[in-house]
Amino acid sequence: SAVISQKPSRDICQRGTSLTIQCQVDSQVTMMFWYRQQPGQSLTLIATANQGSEATYESGFVIDKFPISRPNLTFSTLTVSNMSPEDSSIYLCSASGTVTGYTFGSGTRLTVV
Amino acid sequence: GQNIDQPTEMTATEGAIVQINCTYQTSGFNGLFWYQQHAGEAPTFLSYNVLDGLEEKGRFSSFLSRSKGYSYLLLKELQMKDSASYLCAVRDKGNTPLVFGKGTRLSVIA
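Chains as they are written, first to last, in my numbering: chain A, 390 to 502; chain B, 30 to 139.
Treat the hints as calculated values from the structure; they're not laboratory data.
Note that beta-carbon positions come from the ideal geometry of N, C-alpha and C, so glycine has one too.
Please note that a few of the clues may not be correct.
Cβ pair distances, simulated, as ranges [unchecked claim]:
| hint | chain 1 | residue 1 | chain 2 | residue 2 | range |
| --- | --- | --- | --- | --- | --- |
| 1 | A | S398 | B | N50 | 27 to 35 Å |
| 2 | A | S470 | B | K122 | 29 to 37 Å |
| 3 | A | T406 | B | S56 | 36 to 44 Å |
| 4 | B | E43 | A | V502 | 34 to 42 Å |
| 5 | B | E106 | A | V502 | 41 to 49 Å |
| 6 | A | S394 | B | A45 | 32 to 40 Å |
| 7 | A | S448 | B | T52 | 39 to 47 Å |
| 8 | A | T433 | B | P36 | 16 to 24 Å |
| 9 | B | T42 | A | T409 | 42 to 50 Å |
| 10 | B | E43 | A | E443 | 44 to 52 Å |
| 11 | B | A45 | A | S398 | 30 to 38 Å |
| 12 | B | A139 | A | T419 | 24 to 32 Å |
The calculated lysine-lysine pairs, modelled on DSS-like cross-linking and capped at a C-alpha distance of 30 Å, are [what the hints assert, rightly or not]:
| hint | chain 1 | residue 1 | chain 2 | residue 2 |
| --- | --- | --- | --- | --- |
| 13 | B | K86 | B | K122 |
| 14 | B | K122 | A | K454 |
| 15 | A | K396 | B | K131 |
| 16 | B | K105 | A | K396 |
| 17 | B | K131 | A | K454 |
Let the sequences and hints guide you as you build the complete structure.
Structure follows, in structure tokens:
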């Protein structure tokens with residue numbers, strides 16, 4: 390299955406600023422997704438990153454707050470904009486390249502102060 | 030809507046067997062996945078079921094009943110390193126994103 394390199398692994402940011410998280414996959418994958426995982430909680434889907442078109446966002450998540458890019462089949466970015474302490478969480482990218490293989494990046498632990 | 034339920038926490042003894050249940054109600058169904066997640070790490074894939082029955086992979090087995098909207102993950106010969114969260118996730122069609130349950134935190138004690 391695909392291997393995903395995600396960075397940064399962690400960051401501490403000031404409120405009001407933005408952070409861009411990158412995921413690089415070692416092979417072409419059909420689908421890429423972005424999840425958020427708050428402490429002690431399970432994964433909540435933010436959006437599906439579509440290659441060459443706008444991302445598809447889940448209810449409660451909007452493009453202005455979480456702009457996503459997917460310029461090709463191996464790379465995607467998620468930006469957390471105008472951050473507040475409520476955005477402190479772990480952000481994970483995921484890729485689907487085979488019927489069974491949904492792989493995850495190692496996650497970005499974001500703390501907003 | 031989609032609803033996936035699993036117990037919040039379980040405790041089991043080293044060397045024993047534990048079964049983690051998952052029930053789901055989704056608009057479609059194209060596979061059920063189990064993931065293991067250690068604290069501070071990303072989820073890792075354990076198993077995938079799309080047809081009814083039992084899939085065995087070493088110490089881990091997963092069962093699916095589509096008519097009942099039910100799955101379980103069976104862990105045998107428990108080891109301390111099996112202490113982790115176990116996430117049940119469903120894909121409703123095609124290559125769509127997985128929808129996750131809240132996860133079951135398993136503690137293995139001596």
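Cross-check of the supplied hints:
At about 33 Å, the beta-carbon gap between A:S398 and B:N50 stays in the expected band of 27 to 35 Å. For the pair A:S470 and B:K122, the beta carbons lie near 31 Å from each other, so the given range of 29 to 37 Å is met. For A:T406 paired with B:S56, a C-beta distance near 39 Å keeps the hint of 36 to 44 Å intact. For B:E43 and A:V502, the hinted distance range of 34 to 42 Å is satisfied, since their beta carbons lie about 40 Å from each other.
Between B:E106 and A:V502 the beta carbons are some 45 Å apart, a value that agrees with the proposed interval 41 to 49 Å. Remark: the range hint 32 to 40 Å for A:S394 to B:A45 is upheld by a beta-carbon distance near 38 Å. Restraint check, A:S448 to B:T52: a C-beta distance of roughly 23 Å breaks the suggested window 39 to 47 Å. For the hinted restraint 16 to 24 Å between A:T433 and B:P36, the CB-CB distance of approximately 19 Å keeps it satisfied.
Here the CB-CB span from B:T42 to A:T409 is close to 46 Å, well matched to the stated 42 to 50 Å. At roughly 50 Å, the beta carbons of B:E43 and A:E443 sit within the given window of 44 to 52 Å. Roughly 35 Å separates the CB atoms of B:A45 and A:S398, a value that falls within the hinted 30 to 38 Å. Distance hint check for B:A139 and A:T419: the Cβ-Cβ separation is about 44 Å, which falls outside the suggested range of 24 to 32 Å.
Straight-line distance between C-alpha atoms of B:K86 and B:K122 comes to about 25 Å, which keeps the hinted pair within the 30 Å bound. As the CA atoms of B:K122 and A:K454 are separated by approximately 28 Å, the hinted pair is consistent with the 30 Å bound. With a CA separation close to 25 Å, the supplied pair A:K396 and B:K131 stays within the 30 Å bound. The hinted pair formed by B:K105 and A:K396 fails the criterion: a straight-line CA distance of about 36 Å is larger than 30 Å.
Restraint check for B:K131 and A:K454: satisfied, since their Cα atoms lie roughly 24 Å apart, inside the 30 Å limit.
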